[in-house]
Amino acid sequence: MNGVRERLASRAFTAVAVGIAVLWTTPTLGLLISSFRPEEEIKTTGWWTVLGTPQLTLDNYGEVLSGGGNGSGRLAEHFVNSVVITVPSVLFPLVLAFFAAYALAWIDFRGRDALVVAIFALQVVPLQMALVPLLKLFSQGWLFLPALHLTGPARFGQVWFAHTVLALPFAVFLLHNVLAGLPRDVIDAARVDGASHGTLLLRIMLPLARPALAGFAVIQFVWVWNDLLVALTLSGGTAETAPMTVRLASLAGTYGNEWQRLTAGAFVAAFVPLLVLFSLRKHFARGLLAGSVKG
Amino acid sequence: MSFDAVAQQPKLLYLLQGVAAFAAVVSLILLALHRGPVRRRAAALILLAPALLLLTIGLLLPGLRTLALSFTGTGGDTWVGLDNYGWMITDHRALVALRNTLVWVVLVPAASTAVGLLYAAAVARSRFRTFALSLVLMPMAISFVGAGVVWKFVYAYRPAEAGQIGLLNRLVVVFGGEPRQWLVESPWNVLFLIVAMVWTQAGFAAVLLTAAIRAVPPELTEAALLDGASPGQVLRRITLPSIRPTLLVVLLAQAIGTFKAFDIVRTMTGGQFDTGVLAHAMYDQAFRYGETGRGAALAVLLFLLVTPFVAHQLRARRRAG
Amino acid sequence: MRFGARLVLAVITLAATATACGTPQDSGPRSHTTADCAPYADYGKHPGSVVTVYALNRDREADLFEETWADFADCTGIDVQYEGDGEFEAQIQLRVDGGNAPDVAFFPQPGLMERFARAGRLKPASAGVAARAKEGWSADWNGYATVDGTLYGTPLVANVKSFVWYSPTFFRDKGLSVPRTWTELMAVTEKIAASGVKPWCAGIESAEATGWPVTDWIEDVLLRQQGTDVYDQWVAHEIPFDDPRVLQAMDTVGSLLKNDRYANGGFGPARSMASVSFQEAGAPVLSGDCAMHRQASFYADLWPKGTEIGPDKDVYAFLLPGADASSRPVLGGGVFTAAFADRPEVRAFREYLASADFANARMGKGPFVSAHKGVDPANAATPVDRLSIQLLQDPGTQFRFDGSDLMPASVGAGTFWKGAVDWIGGASSLQVADSIERSWPRK
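Protein chains in written order, with UniProt numbering: chain A, 1 to 295; chain B, 1 to 321; chain C, 1 to 443.
Check before you lean on any hint, since a few could be wrong.
Said to hold, decoys possible - Below, simulated DMTMM-like cross-link-like pairs (lysine to aspartate or glutamate); rule was C-alpha separation at most 25 Å, straight line: (1) C:K313 - C:E184; (2) C:K258 - B:D83; (3) C:K305 - B:E161; (4) A:K136 - B:D77; (5) A:K43 - B:E185; (6) C:K258 - C:D312; (7) C:K45 - C:D324; (8) C:K123 - B:E178; (9) C:K305 - A:D59; (10) C:K123 - C:E184; (11) C:K365 - C:D173; (12) C:K191 - C:E83; (13) C:K373 - C:D71; (14) A:K136 - C:E184; (15) A:K43 - C:D357; (16) C:K174 - C:D59; (17) C:K134 - C:D314; (18) A:K43 - C:D314; (19) C:K365 - C:D36; (20) C:K45 - C:D74; (21) A:K43 - C:E61; (22) A:K43 - B:E178; (23) A:K43 - B:E161; (24) A:K43 - C:E308; (25) A:K43 - C:D59; (26) A:K136 - B:E185.
Since the hints were made in silico from the structure, they are not lab data.
Based on the sequences and whatever the hints tell you, model everything.
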């Protein structure tokens with residue numbers, strides 16, 4: 001009796017899992033198939049009919065990537081922008097948070113605990129709350145800060161700045177947990193040998209914290225690459241500096257019915273994060289874990 | 001106007017300059033630390049200064065400035081006292097956005113955690129775990145904007161006489177129903193947007209919960225199974241209690257993320273048909289309508305709503321740590 | 001502290017060098033040799049200069065703009081860099097706040113333009129531009145671009161919104177004639193419905209602007225029922241948004257659009273218009289599933305490729321009738337150029353845009369209507385464009401500007417649009433008008 005029930009229940013679990021997996025992949029599959037179908041077909045027949053009329057084309061991709069005229073997606077340009085935005089936006093907070101976390105975890109100074117709490121508490125400030133002033137900060141200056149009037153590629157600078165700042169509280173929190181959890185005797189031994197803070201940081205902390213750093217880097221990469229709000233407000237919105245998400249959102253807004261551009265555009269934009277996800281899946285999962293449970 | 005590789009060079013050059021400048025700063029910091037015995041306080045200051053400086057300029061001061069802006073009128077010049085807050089609690093749209101935000105914050109974490117938990121329970125000890133988790137993680141890589149596009153396509157509406165191109169209406173038609181405008185009919189359209197959000201978040205829950213379930217000693221569950229408990233009972237009586245801390249953290253993290261949901265609403269409905277949420281209403285007021293004060297007031301409300309969740313999360317994490 | 005000081009110094013130096021180097025140098029203007037430069041002599045030579053333009057128009061409309069001013073650009077040496085963005089209304093504020101304002105913007109709503117003029121961001125029109133504006137447009141039209149007595153912009157595009165598109169063949173087959181009064185319109189509507197065809201089709205889906213076609217309908221009917229004075233007071237908020245006369249106009253529109261017997265031809269029940277995009281909403285007129293589609297002159301460009309427009313072609317348009325056959329109220333909209341910079345090349349470009357030459361040249365490329373007095377209706381690309389220009393130039397026309405474009409953006413591009421969607425979805429006129437009234441920003 002029990003054995004049968006158990007097997008049935010365990011089958012039920014498997015069935016649920018398969019059901020979820022199907023539900024979770026079908027919409028994406030539909031979009032992927034559609035992105036290879038000619039415009040007329042996408043707009044008149046469902047993607048599930050593709051087997052009946054196997055007419056596939058790469059035109060949609062050609063058009064969204066680098067088509068001529070004002071209607072094209074021009075995603076190739078925006079792809080470069082996404083790369084230029086993402087690399088520093090991952091690197092800067094990673095390094096700065098690593099330094100800060102080390103100081104907070106291993107250097108004793110007065111007010112340390114209060115500072116730790118204060119930085120953690122800054123996680124409360126939603127991005128929305130900083131947007132308008134951040135925008136004005138760069139163009140108009142404030143208090144002792146001069147107006148910068150960034151133009152051209154220099155606008156990337158303000159996007160880097162915003163992403164770095166927004167990532168810091170969480171990154172410090174995460175890395176502080178990791179570094180504080182390292183065995184004290186290892187560090188003490190190194191200190192007795194006369195190691196400076198620099199040596200400790202690079203020779204001892206860095207190798208030990210590497211998995212957490214990689215995890216954070218992957219998560220931050222996916223976050224920045226997929227971000228829309230910061231990009232919309234601070235990147236200037238032009239083809240010169242706006243990342244792909246901005247362009248894709250604009251395609252979705254203006255061309256509610258131009259599915260041939262949207263479907264292909266969505267996949268061009270998702271290509272790199274998908275690549276990262278599948279090749280660095282272990283780090284991705286570890287980043288998620290470290291990020292939300294503990295160091 | 002086609003792709004011009006030469007035009008991209010200044011951008012890449014700027015990227016190199018930016019990274020080089022940053023590397024120089026980092027080297028200076030390390031050099032300063034390396035030079036002989038630095039006093040503890042000085043070392044801490046050197047290491048913390050960049051992060052603290054950025055946080056002050058980029059987050060603390062802007063946050064305070066937004067608070068001040070929320071007491072000013074259109075354009076942010078005139079002092080209007082609590083007018084913007086008065087508007088917020090009487091305006092129909094703002095209240096709808098608040099209602100929707102609360103619905104999102106309850107349903108998104110609950111649904112995605114439930115889906116994630118079921119999935120995790122089924123795959124945690126399976127040979128295909130890695131692959132299975134990748135499948136549900138995929139939506140996270142696709143981005144919120146991409147997810148919005150994906151689901152807008154699923155919900156696409158065509159009149160009954162025409163062929164359906166949206167999967168959902170196709171299914172409805174196959175089962176003899178009339179195609180419906182899923183994204184238009186309020187209040188249910190809010191749920192259809194939430195489905196898209198859950199779709200992106202369930203993978204996150206599944207990964208975390210799988211790890212937590214795998215940390216439960218297998219002897220415990222095996223013993224229970226030998227004693228004749230069904231897998232469902234094992235999940236309820238043994239697994240669930242042991243992964244409770246993780247469950248709480250997952251729920252809180254998703255709730256916090258949901259408060260700030262903006263991309264999906266913007267991509268799928270643009271806040272139309274009573275689907276707006278606070279994060280999106282804030283953007284509309286501040287930038288589309290030029291009502292800086294109202295936008296700031298909405299941001300402050302968002303801040304107030306999210307605070308207890310973050311506080312709770314910090315406590316939960318510290319306990320877990 | 002030594003380290004701290006050095007650190008700060010290093011950061012400043014590095015940041016300074018990083019921002020100082022590497023501003024991109026654009027390649028010089030393209031040089032064509034085909035253009036005849038005589039007509040552009042007035043605008044001077046500005047070799048190597050750049051004017052950036054930011055607007056809502058994309059796709060073909062954008063291509064046609066660029067083609068139109070290509071010769072101007074070649075002859076004057078100005079590199080006109082056009083950028084169309086579907087998110088214009090939200091992004092223009094971000095651009096200006098972010099110190100990234102374009103030289104010239106094409107504002108689709110005077111209300112939006114006024115906001116930037118009042119904030120002191122726009123540059124007043126130069127003497128040359130003002131002179132051309134005065135010469136080219138009526139005082140009414142220039143008035144839309146004037147804030148507190150200062151002229152900031154010039155009209156660029158005009159749309160006549162009060163058109164009803166129909167299929168002449170369909171009308172002939174059913175033995176119908178084009179209605180000339182409101183009563184006749186209602187009679188025609190009922191007659192078509194009785195024959196088993198839904199007379200009206202509409203689509204109001206337009207991304208974040210969803211709802212605007214309904215607001216045009218309501219304005220059109222208010223103008224017809226109450227006349228220009230009440231209309232003007234309503235737009236200026238001198239009478240409340242939910243005045244009983246406005247409610248009456250809404251109910252009249254509702255008797256057509258919210259009626260499942262009359263709408264939504266070709267798409268299903270009346271409320272289906274919320275997910276039908278305004279671009280595709282007129283298509284059933286061609287297939288005979290719907291008889292009439294009220295939409296602006298620019299709809300000429302949105303018919304499927306190959307559709308012919310004319311009194312005895314595939315589709316044509318009549319003016320939404322007034323109370324009696326003699327009155328000719330016309331609701332319209334327009335796009336205005338305004339500038340955030342005042343350099344000589346920007347002035348030259350704006351003067352060119354304000355000229356009859358530009359409007360006539362643009363009309364030669366495809367559907368386009370200008371309210372410029374100097375445009376020749378003969379140049380119009382379609383018979384409806386010609387009709388529009390004649391209406392605009394006719395002193396007997398009671399022209400009024402689209403009210404939602406003149407109201408504060410939070411109403412005219414916010415609660416009014418959203419309210420219109422609720423209203424189509426079933427909310428009552430009173431409910432909707434009331435909530436829009438309460439959303440009006442206080443001074």
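Each hint tested on the structure:
1. C:K313 - C:E184: holds (23 Å)
2. C:K258 - B:D83: violated (36 Å)
3. C:K305 - B:E161: The hint holds at about 23 Å.
4. A:K136 - B:D77: Holds - the C-alpha atoms of D77 (chain B) and K136 (chain A) are around 14 Å apart, at most 25 Å.
5. A:K43 - B:E185: holds (23 Å)
6. C:K258 - C:D312: violated (31 Å)
7. C:K45 - C:D324: Since the Cα atoms of K45 (chain C) and D324 (chain C) sit roughly 54 Å apart, the hinted pair is violated (cutoff 25 Å).
8. C:K123 - B:E178: violated (55 Å)
9. C:K305 - A:D59: The hint holds at about 20 Å.
10. C:K123 - C:E184: violated (49 Å)
11. C:K365 - C:D173: violated (34 Å)
12. C:K191 - C:E83: Violated, because 47 Å separates the two Cα atoms, which is more than 25 Å.
13. C:K373 - C:D71: At roughly 23 Å apart (the allowed maximum being 25 Å), D71 (chain C) and K373 (chain C) satisfy the hint.
14. A:K136 - C:E184: violated (57 Å)
15. A:K43 - C:D357: Violated - the C-alpha atoms of D357 (chain C) and K43 (chain A) are around 40 Å apart, more than 25 Å.
16. C:K174 - C:D59: Since the Cα atoms of K174 (chain C) and D59 (chain C) sit roughly 38 Å apart, the hinted pair is violated (cutoff 25 Å).
17. C:K134 - C:D314: Violated. K134 (chain C) to D314 (chain C) sits at ~39 Å, over the 25 Å cutoff.
18. A:K43 - C:D314: Within the cut-off at roughly 24 Å; holds.
19. C:K365 - C:D36: holds (18 Å)
20. C:K45 - C:D74: holds (10 Å)
21. A:K43 - C:E61: holds (23 Å)
22. A:K43 - B:E178: holds (19 Å)
23. A:K43 - B:E161: holds (14 Å)
24. A:K43 - C:E308: It holds: about 23 Å lies between the C-alpha atoms, which stays within 25 Å.
25. A:K43 - C:D59: holds (19 Å)
26. A:K136 - B:E185: violated (39 Å)
Of the numbered hints stated above, those contradicted by the structure are hints 2, 6, 7, 8, 10, 11, 12, 14, 15, 16, 17 and 26, listed in ascending order.
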